[in-house]
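Counting in the working numbering, the sequence shown runs from 324 upward without gaps.
A portion of the hints provided could be inaccurate.
[Said to hold, decoys possible] Computed cross-link-like contacts, DSSO-like style, restricted to lysine-lysine with a CA-CA straight-line distance of at most 30 Å: (1) 464 to 437; (2) 400 to 381; (3) 437 to 410; (4) 483 to 502; (5) 450 to 400; (6) 400 to 349; (7) 450 to 502; (8) 466 to 450; (9) 450 to 506; (10) 381 to 350; (11) 464 to 454; (12) 410 to 359; (13) 381 to 352; (14) 437 to 483.
I should point out that these hints are in silico values taken from the structure, not numbers from a laboratory.
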Amino acid sequence: QRVAFFSINTTCPQCGGTGYVREACKKCKGNSYIYKKETIPINIPPGVDNGSRLVVDKQGHAGLFGGRPGNLFVITKILPHEIFKRKGDDLYVDINITYPEAVMGGNIEINDIKGEKVVLEIPSGTKEGDKVVVHGKGMPKLKGNGYGNLVAVVHIDVPKFNKLSKIMGDGKKAEKLLKDLEKFLPKPERVIKHHEH
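Sequences and hints are given; from them, build the entire structure.
So, in structure tokens, the structure goes:
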């Protein structure tokens, strides 16, 4: 629930919305309504998106001459999140994994948008830009039951050679380690072919 401030016209208390009193109504000047500011609680349902329209019954302008008040229409504007990006009912998040994690695979933990722990299963051979999907951990669906998915976009943290040398304390050791590792890795195709679908 949220509280919002609005300027609305409301039924004049002096004339009861008729616009007529024995003497001229000084508050509404015969219009049957006056302007005043009100604080109105608004229920925000789970899953609202940018541009969703909420209707608050009988919280619009007062009806003329004591008639039924109108409704208040609220258009939502969703502020961006610093970590998650919404696409429909799905939430996208960028994650970093190490080069060994990309090669061997494994499980890593992150927090979802509620702050709850979520386990991501990283398959062996994961590439830069691959997506790991956790079903039912996205946004609640506004129309219907259930939740969207949490989609983790993988980025591989490849250390620079000078950083690796600094960690190992010796540039030659770092170079030998990488060359030994290269012997066991398959040779990649340098030019990637794009296949028509």
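| query | Going back to the hint list, which numbers does this structure go against? | reply | When the structure is compared with the hints, numbers 5, 6, 8, 12 and 14 turn out to be violated.
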